[in-house]
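Participant: Based on the hints, put chain B in the right spot on chain A.
Quick note, the sequences are listed as chains A and B, same order. Residues 1 to 349, numbered by the numbering used here, are exactly what the first sequence covers, in order. Residues 350 to 698, numbered by the numbering used here, are exactly what the second sequence covers, in order.
Bear in mind the hints are in silico, worked out from the structure with no lab data behind them. From a predicted model like this one, the values you see are computed outputs, not experimental measurements. Even for Gly, the Cβ is constructed at its ideal location relative to N, Cα and C. The reader is advised that the hints may include incorrect statements.
[Stated by the list, open to error] Each computed DSS-like pair below joins lysine-lysine, with the alpha-carbon atoms no more than 30 Å apart:
{"hint": "1", "chain 1": "A", "residue 1": "Lys119", "chain 2": "A", "residue 2": "Lys144"}
{"hint": "2", "chain 1": "A", "residue 1": "Lys239", "chain 2": "B", "residue 2": "Lys378"}
{"hint": "3", "chain 1": "A", "residue 1": "Lys139", "chain 2": "B", "residue 2": "Lys379"}
{"hint": "4", "chain 1": "B", "residue 1": "Lys464", "chain 2": "B", "residue 2": "Lys489"}
{"hint": "5", "chain 1": "B", "residue 1": "Lys519", "chain 2": "A", "residue 2": "Lys115"}
{"hint": "6", "chain 1": "B", "residue 1": "Lys519", "chain 2": "A", "residue 2": "Lys170"}
[Said to hold, decoys possible] What follows is a list of derived Cβ distance ranges for each label pair:
{"hint": "7", "chain 1": "A", "residue 1": "Ile282", "chain 2": "B", "residue 2": "Leu608", "range": "39 to 49 Å"}
{"hint": "8", "chain 1": "B", "residue 1": "Glu637", "chain 2": "A", "residue 2": "Phe27", "range": "25 to 35 Å"}
{"hint": "9", "chain 1": "B", "residue 1": "Glu595", "chain 2": "A", "residue 2": "Lys241", "range": "50 to 60 Å"}
{"hint": "10", "chain 1": "A", "residue 1": "Phe27", "chain 2": "B", "residue 2": "Asn691", "range": "20 to 30 Å"}
{"hint": "11", "chain 1": "B", "residue 1": "Asp586", "chain 2": "A", "residue 2": "Leu259", "range": "45 to 55 Å"}
{"hint": "12", "chain 1": "B", "residue 1": "Pro640", "chain 2": "A", "residue 2": "Asp257", "range": "21 to 31 Å"}
There are 2 protein chains.
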Amino acid sequence: MAYRIALIGCGTVGQGFLEILNEKEKFLKKNYDFEAKIVGICDKLKGSIIEPEGIDLDKLLDILKRGERIENYRKEEAGKIEAEYFIDNVEADIMVEVTYTNLQTGEPATAYIKKAIQKGCHVVTSNKGPVALHYHELKKLAEKNNVYFKFEGTVMSGSPIFNLVESSFKGNEILEIRGILNGTTNFILTKMEEGLEYEQALKLAQELGYAEADPTADVEGYDAVAKIVILSNVLFDGKIKPQEVEREGITGISKEDVLNAKEMGYRYKLIASAKKENGEIIASVKPERIPLTEPLANITDIINALCFKLDLLGEVIIQGPGAGRKETGYAILSDILNIHFNILKEERR
Amino acid sequence: MAYRIALIGCGTVGQGFLEILNEKEKFLKKNYDFEAKIVGICDKLKGSIIEPEGIDLDKLLDILKRGERIENYRKEEAGKIEAEYFIDNVEADIMVEVTYTNLQTGEPATAYIKKAIQKGCHVVTSNKGPVALHYHELKKLAEKNNVYFKFEGTVMSGSPIFNLVESSFKGNEILEIRGILNGTTNFILTKMEEGLEYEQALKLAQELGYAEADPTADVEGYDAVAKIVILSNVLFDGKIKPQEVEREGITGISKEDVLNAKEMGYRYKLIASAKKENGEIIASVKPERIPLTEPLANITDIINALCFKLDLLGEVIIQGPGAGRKETGYAILSDILNIHFNILKEERR
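Just chain A, with the same shape it has in the complex (with noise of 0.2 Å):
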């Protein structure tokens, strides 16, 4: 079965996508019977193109490592493509939204979005914004198109979080989720634990590429907190906001607490956490001193990891990775193939 697919976006997650994509090819069509044709795509920045008979990765891969404008793809020269324009005039099964993150408005992605599931395609996302701010109106808006709207990489990159849940946890009753869902203070805080001052780790974690120029979203917390509210409104069917979420994050950390902690057998750790009490959603995202016994506590450098309480099965901890260029990018196969053996059934009807 092929799918002709669309990417609005093509930074580091994207680009992700495309490179699995080209590799795994002959691998997806002879284990799943999956086939993809990626028929266009379109960035802010690095230009655009719209090719219904299908992109030879090889060469815009290429194009993709040199640095080079998409419209170098053909030789004849492309006007500038704005997304509004190419989502109205690609001719996708699926659209993959991929574009920045912005964790006020959600937008512009959510109308991205929300303009392609309109037009009748099936939307696979990364992009934290739409999902956190927007999640019950744009799960809504796909129902009533009949298309498929999924996100698994806004949480803890590729590793299963959603899938997770739908797959193999059925019959539970989720009664509280605990997690470390951002790599990159979790890597301060191991480095801070090894002798850095916070300056010097977050310094480490920009130079690896951890941390972003300004680190705000991260260390403040907001990242973890639009992470929270997608897995609140998600699994709890909660309607909370952002803003609603108790937030502190680990600047007021300094490394002595870090070592205090350590000799006492604890060790700070930012845990965003919810759970649902008389029908209310409680969530918060804070440094907490775990206990080294505790496996979270366990948890170090820039992994991620998510503890579910069930009350049938008890404690069950995913741990993986939570961001990163495969990682995310996969994040995206692993919704797109998700449909695909949804369609795959649907069709044997």
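Facilitator: The following block gives chain B in isolation, referenced to the frame of chain A:
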């Protein structure tokens, strides 16, 4: 949708399953349109019953709680029912096989499973014997008879393993698996680090019900071998037998070994691992000194964990219960719900 379910075996797992089914009746009906009627139970020690109209679970669980024989459910005296006769005569959609584990021959469970499959029943088991020794044969037989054969509970009880791989790792190649798959030995090693001698730790495990009177299967690694064989044959499509797995138990490890390792920044763990090299499976179960900085070193007490090394996602670890009445009872329910959802999709065709 209503299913007729029959149980062969009614020990801890069988009763755990029945308790969950009874507790969650309304939840399952409301959320998943799932209804179950227990139409028969056959236990070598506790007695048997066939009840086409469905057994009242409150009444039956009371009888079991009082330690009475299952036949007491009815007033009239029933003759003894053998498992073979039971399978032939009970009219069920799904047969749950939860008799005792035999890691040498897999019998009589394997014969029961075959009989049930050939009769056209879906089969769910948490019994390691049949799956470790006869997986490919049983899988083929199930395919031939167009029924499902599920066994999530054979590894890490209800913690999702086969479900996780099936639902969430598609597109990845599994390069290696490494895990702590036996809770009893992990508990003993944890207690030795806390200062107990091996014999004391074993005795405590026995008192708490974690270890059996004859602890050989656990402490000599046979239980973990069965699990790594199941994982190898299912996930790597291997054909290995338990005797091909390099095996060493924990009985050769002293308290001093454990404490010395700790001092040097290591922790002894009974590690089960498997990988495919040049088309061949290499599997082992043996104690390893793991650096304390590695996630598996920090899985303590009776908790189990399995680490998947994946080509796209890197390392993903699932950690959860590895045994228990409710936890393994849930594994049975989880497989049955899986069958239910697949049947629902087929029905819709």
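Participant: For every hint, state whether the structure bears it out.
Facilitator: Structure-based check of each hint:
no.	hint	in the structure
1	A:Lys119 to A:Lys144	holds, 12 Å
2	A:Lys239 to B:Lys378	holds, 25 Å
3	A:Lys139 to B:Lys379	holds, 21 Å
4	B:Lys464 to B:Lys489	holds, 14 Å
5	B:Lys519 to A:Lys115	holds, 29 Å
6	B:Lys519 to A:Lys170	holds, 20 Å
7	A:Ile282 to B:Leu608: 39 to 49 Å	holds, 42 Å
8	B:Glu637 to A:Phe27: 25 to 35 Å	holds, 32 Å
9	B:Glu595 to A:Lys241: 50 to 60 Å	holds, 55 Å
10	A:Phe27 to B:Asn691: 20 to 30 Å	holds, 24 Å
11	B:Asp586 to A:Leu259: 45 to 55 Å	holds, 49 Å
12	B:Pro640 to A:Asp257: 21 to 31 Å	holds, 26 Å
The structure agrees with every numbered hint stated previously.
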